[in-house]
Amino acid sequence: MSDAPATFSESWYRVASQRLALRPTVRARRQLFRGERWIVLENPFTNQFFRVRPEIHEFLARLRPDRTVEEVWKECFERFPATAPGQEAVIQILAQLYHSNLLQYPMAVDASDLFRRFEKTRQREIRSRLLNIMFARFPLLDPDRFLVRTLPWVGRLISPVGAFLWFLVVGWALKVAVDHAPALRDQAQSVIAPDNLFLLYAGLILVKTLHEFGHAFFCRHFGGEVHVMGVLLMIFTPVPYMDATSAWGFRERHKRVLVGAAGMIVELFIAALATFVWAGTGTGLVHNLAYNIMVVASVSTLLFNLNPLLRFDGYYILSDLIGIPNLTQRSMQQLRALAERHLFGLRKAKGPALHRSEAIWLSVFGAVSGVYRIFLFAGILLVIADQFLLLGLIMAAICAVVWIATPIFRLASYLGSSQALGRHRPRAIAVTAAIAAVVLAFLQFIPFPSYFRAPGVVQSRRWMELHSRAAGRVVRLLAQPGAAVQTGQPLVQMENPEIQIQLAGARAGLVEVETRIRQALHESPANLKPLESLKGSMIKTIERLEREQAELTVRASQDGLWLVPESEGLIGRWMAKGGIVGALIDTNGFLFQATILQEDGDRLFVKPPAAAEVRLMGEAGRRIRVDGIRVIPGEQRQLPSAALGWRAGGPVPTSARDNEGRQAAEPFFEVNGKVSDPAGAALLHGRAGWIRFDLPNEPLLHRWVRSLRQLLQTRYQV
Amino acid sequence: MTTPTEFYRRTDHRDPAPLPKGVDAWANRWIGAYQRRAGALQRLRSQAAEAEGLWSTLKDETNHRLRVRLQGHRETIRRGGKGTREALLPALATIRETAHRQLGLLAFPEQLMGALALHGGCLAEMATGEGKTLTAGIAAVLMAWNGRPCHVITVNDYLVERDAQWLGPLYRFCGIHAGFVTAPQSPEDRRKAYACDITYATSKEVVADFLRDALKLGHLRQPTRRLVWQLLRPTEEAQDGLVMRGLHTAIIDEADSILIDEAVTPLIISAPHSNDSLKEVVQIAQAIAQPLEVSVHYSVNPRHREIELTPAGNARLDELCAPLPGFWKAPERRTELVRQALVAREFYLPGRQYVVVDDKVVIVDEFTGRQMAQRTWRQGLHQAVEAKEGLKLSDPSETIARISFQRYFRFYHRLAGMTGTAREAAVELWQTYGLPVLTIPPHRPNRRVQHPDLILPTAEARWAAALSEIRSVHARRQPVLIGTRSVAASERLAELLEAEGLSFQLLNAVRHHEEATVISMAGEAGRITIATNMAGRGTDIRLGRGVADLGGLHVIATERHESGRVDRQLFGRNARQGDPGSAQAIVSAEDELLSRNIPAPVLRRVQQAVQHRAPGCQQLASAAMHIAQGLAQRKAETLRRNVARMDTWIEESLSFTGREAG
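So the protein lines, in turn, are chains A and B. Counting from 1, one number per residue, gives the positions in the first sequence under this note's numbering. Counting from 1001, one number per residue, gives the positions in the second sequence under this note's numbering.
Because the hints were derived from the structure by calculation, they are not lab data. A few of these clues could be false.
Listed next, the in silico DSBU-like pairs over lysine-lysine satisfying Cα-Cα at most 30 angstroms (straight line) [unchecked claim]:
1) A:K348 - B:K1021
2) B:K1388 - B:K1279
3) B:K1635 - B:K1204
4) B:K1021 - A:K120
5) B:K1192 - B:K1279
6) B:K1329 - A:K74
7) A:K350 - B:K1360
8) B:K1388 - A:K348
9) B:K1279 - A:K74
10) A:K350 - B:K1216
11) B:K1329 - B:K1392
12) B:K1204 - A:K348
13) B:K1192 - B:K1204
14) B:K1329 - A:K350
15) B:K1392 - A:K74
16) B:K1021 - B:K1279
17) A:K529 - A:K607
18) B:K1204 - A:K74
19) A:K74 - B:K1388
20) B:K1082 - B:K1204
21) B:K1329 - B:K1279
22) A:K577 - A:K535
Please take these sequences and the hints and turn them into a complete structure.
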């Protein structure tokens, strides 16, 4: 039925003699959409809406149980010969009204028909719940009575005074937030930290509940009924929702928009209050909670609720502001019509847009939201597949079916059997196939720059740890850590009272022995010999102790840069014999040692690049060249530096059992390369950074397939 | 006095499930493919063999004992359940013996297989001459024994009467009453016929009777509602006058023709109804369309039978409509009506689509050439044609009730069918009617020699080639049957043959039984018979004495039909039951099949290739024919699916107006 509905219909006899009317409960309201008059029919019992053109409404309004459809139709033709609907249009509209439960008919309908219809509706609901598994709704309560009872108090806030208050509070909070900007920024880094997630979620629930009540109260205030409240499982996160669709029946657009924006109004207000609490409290639970509420109520509101590309408040507000209901659906129809007309050569194809500006709105919105949705869905798919293991895989499969397979199947069946296409089918199929082929070819054959990054540390090519040769307490540093030192240069002074005491004792012993020798010379020369040998041993002890004493001064064993890990804590620390005092680093040659995940490893093994680029943390502006890349073929678990592990705030997950923080959770490959051009960066041994390997250009499809397979392999050992 | 439940059953029928859509349709397709698998045929074969074994013990039974046996089987089957399944093969064997004694025909195992397939609710594909009538008779006995109405449906009144009478002795011996319904019968006769266990009728008659009954019942046509009504008011005499006693079992002969070819248009019961506004509108539209010129104001697309107004045409339309009342101000409406007038002018030609008889437009069936006095085109179009001819406009017939064949036949609880050609439409038959097609092998191997198609560049060359072929075949005294696509073509060929001085039989636009006699003689030596493709269906062509030695009947198709099935039916006219025979298609590259379905640039290439006898041009042209047939069939299939879909849509959407039927 691509042509305009015919004036005379073969099926007219089915309705001509019927005595039908709109149900008495149906309310008709006039609304303006893009400057056009429309009549919105509302069935308050089912909250169903139906939009008709005024000329159709002229016909519907004349339907009465005491007149036949034929009589009314003829009357309409006499009164409005130019605009009265034709027979086919009448049949279509009556069928639609019947399905929307807006029609009253004299005869009891076959009960089995009603059951069938009910069954169909229920199946459709179940199916849509399954299809929308990422956004499943579970209605629970009817909040209407509660709303009506509390409205006298709450309703007062929905007034100019309330608006004034709101602007005051939010404005003031904004000032507070700006004043505390640095603290705000600091705390922002820990929002996603694991121990904060529970608080974040608690804040989310609180805020979203109030958000929904905001919608409900506004809607109720303007006279709409709110009968459903429940839980929405958004990507498995339960959040509350309320059904304020009765607002669609409001005649004034500003009321509809206000109901749509009510949630955000409430949230921003809460965010403002939370800002005051946050600014006024010291670190602690309340402080953190306030901070989280602040973030959820402002950032999430602006990012998600106001975003018209998602089907949240912003979408409905936009659709109301530009006067195009069912924006998504109609924009898809518009895009389809565009494709049919320009790609498939179907000259008769007409989109739902009545005006040029509407057509532009629809096309732009359709294109933008389509692309956005592809990325959003792909993101959600990857996240759930990655996070929820087996369940995630099932969910991802369902979502893949719903979001990928179903549209493809629909497209195929549209191309294969759509009546509208008719004889343009061959061209439509050819064009679609050609587009698909071009896209596939683009992904399959056009190589794109390919690279990946890996964390690592700078290490001196030759370096040595400096051990103390004697035990003792560090008293002072004889050379500045970080300074270049020469062989033999004293670096650290330690003292060991024990050695001193022993030395003093030994020296005193020596004096005693010498005295006794002198006495023996005098009194008993026979004792002389043992005493002489005792003296010898005494001297040896003293020499040893003196040597040890000397060794308390640690000296450089080679030329190089002297580095001490914690120079502050070193002084006063007791150092066991053989303890590490610091390191001597040869400044002439550095290596960059990177840890590479297994999935990236194979790309390097195939053809290791000759050179790579390193950016050190804190000095990201400088690109350090590294060449002579060498992949060490063998899995490792011990990180070259604890700085790379999670425990020390690095990027590599470490095993929880390892206290030192150097045991990686997953095995990795080690790759190292010589730093050939430091580019002025301060190369320090142990400094962490990121290495970027540029690989041969590769088509996107290859890359995606590989990533997918690796994901499956690591997650599910498939 | 009828009991309420008996009355209930009178209007009882199955509630057809909606046609599967989307993934369901795919799944449904696979189920259909499973039902048609080779294993099903194997099972039938072994069952038939078993029945044959049982039959051999019955040969020496007396008629009386045979009757007693039949009665026993009948009782078991009437009881239903497990017993029916066990009694099936013995009963089949007994009926075979009965048919042998009563009709003098012993059913082949293949016919038993066919009967079993019918009993199992399949569509049995059996070649012409394999004895479909007897097969249906045997199955009908089995299926009617349960006491529920059993309809045997075929294509024309002649076959209805012939089959019912020929099988009469068998039915009577089996204790079954058989009746038949033909067009001229009175309601009283019809009621008697439908009251029989087995009723023979054409599809048009059963559907019309069903609709008339439904109209009589009014809002009580819903069986459950009717039953409740009866129970609530037992005293109130139900308005009787119903003709049928419910729908339960149907065996459809020539099923492809009834279920597919004729299913394009729904059956409508209508009454003339004065509609002056329509007539006035059509007249004005005709007046507006008068000054419009082809290719200036509108373009014609003969391939899709469409009219498109050009910008100049639209401008002219604005001008012409300016002085007219408000009705003509709505641009969509006036375009629609003027386009209809132009369609009537461009595509409905006197002598081809219709003739004017007594100041009335009478529709001519393009394929059979019959004048269909009762038929009218759809509302408005018929009047537009009348307006074009300057006739007084007839009252448009107002539809009172309407049902598509697709919907009607799905009302039966048990549906089975037979035909010579069904394979091509197997998927559609399964999806629409739930009939799996089983191809029953012929009793004797087929000995038809199928010559490759001869494709000539022009229609004239084709006639010349056909003529020389006829002459050479006739010279051997071999009988020849020439099939033509339309009446006009058959008349053209007749002229040519007359000019040659050859004597021939021309078959078209005559009554069915005459057709049947003529066609049954077509196998005599030296005969030349010209027939439209559809003429004389259901009648065997037996070979005359000595004709088999001449090579049997030679069939020439002068044009390919839109549907490959119809071609196969024509070729299937010869080589029955292992007789020799030969067939060839002599067609031209100018045929309507090609010009309607192949894009013009491609077609031109093909025509040029054939013209210049380029190497491989015959293969190219026959490939083009194949593709054209495929496209045409797809188009027709879509058309039929839309009829069914539209039907379902109306039923669902307008059920508040009371259901059409059911």
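The hints, checked one at a time:
1. For the proposed pair K348 of chain A and K1021 of chain B, the alpha carbon gap of about 26 angstroms is at most 30 angstroms, so the pair holds.
2. Proposed proximity of K1388 of chain B and K1279 of chain B is supported: the alpha carbons are some 13 angstroms apart, at most 30 angstroms.
3. Among the hinted pairs, K1635 of chain B with K1204 of chain B is consistent with the structure: their alpha-carbon atoms are about 24 angstroms apart, no more than 30 angstroms.
4. The hinted pair formed by K1021 of chain B and K120 of chain A meets the criterion: a straight-line CA distance of about 14 angstroms does not exceed 30 angstroms.
5. Taken as a hint, the K1192 of chain B and K1279 of chain B pair is broken in the structure, with Cα atoms around 42 angstroms apart against an allowance of 30 angstroms.
6. Between K1329 of chain B and K74 of chain A the CA atoms are separated by roughly 17 angstroms; this keeps the pair inside 30 angstroms, and the hint holds.
7. Our distance criterion of 30 angstroms between C-alpha atoms is broken by K350 of chain A and K1360 of chain B, whose separation comes to about 40 angstroms.
8. Of the pairs offered as hints, the one joining K1388 of chain B and K348 of chain A holds, with about 28 angstroms between alpha carbons and a cut-off of 30 angstroms not exceeded.
9. The straight-line distance between the Cα atoms of K1279 of chain B and K74 of chain A is roughly 15 angstroms, inside the 30 angstroms bound, and the hint therefore holds.
10. Restraint check: the Cα-Cα separation between K350 of chain A and K1216 of chain B comes to about 44 angstroms, which exceeds 30 angstroms; the hinted pair is violated.
11. Distance restraint check for K1329 of chain B and K1392 of chain B: the Cα-Cα separation of roughly 26 angstroms lies within the 30 angstroms cut-off, and the hinted pair is therefore satisfied.
12. With a C-alpha separation of about 38 angstroms, the suggested pairing of K1204 of chain B with K348 of chain A is violated against the 30 angstroms cut-off.
13. For the suggested pair K1192 of chain B and K1204 of chain B, the alpha carbons sit about 18 angstroms apart, so the restraint of at most 30 angstroms is met.
14. Between K1329 of chain B and K350 of chain A the alpha-carbon distance is near 21 angstroms, which keeps this suggested pair within the 30 angstroms criterion.
15. Among the hinted pairs, K1392 of chain B with K74 of chain A is consistent with the structure: their alpha-carbon atoms are about 24 angstroms apart, no more than 30 angstroms.
16. For the proposed pair K1021 of chain B and K1279 of chain B, the alpha carbon gap of about 40 angstroms is over 30 angstroms, so the pair is violated.
17. Between K529 of chain A and K607 of chain A the alpha-carbon distance is near 79 angstroms, which puts this suggested pair outside the 30 angstroms criterion.
18. For the given pair, K1204 of chain B sits about 35 angstroms from K74 of chain A by alpha-carbon distance, which is inconsistent with the 30 angstroms threshold.
19. As the CA atoms of K74 of chain A and K1388 of chain B are separated by approximately 27 angstroms, the hinted pair is consistent with the 30 angstroms bound.
20. A distance of roughly 36 angstroms separates the Cα atoms of K1082 of chain B and K1204 of chain B; the hinted pair therefore is violated under the 30 angstroms criterion.
21. Between the alpha carbons of K1329 of chain B and K1279 of chain B the distance comes to roughly 18 angstroms, so the proposed pair stays at or under 30 angstroms and holds.
22. For the hint pairing K577 of chain A with K535 of chain A, the CA-to-CA distance comes to about 29 angstroms; that is within 30 angstroms, so the pair holds.
The earlier numbered hints that this structure contradicts are 5, 7, 10, 12, 16, 17, 18 and 20.
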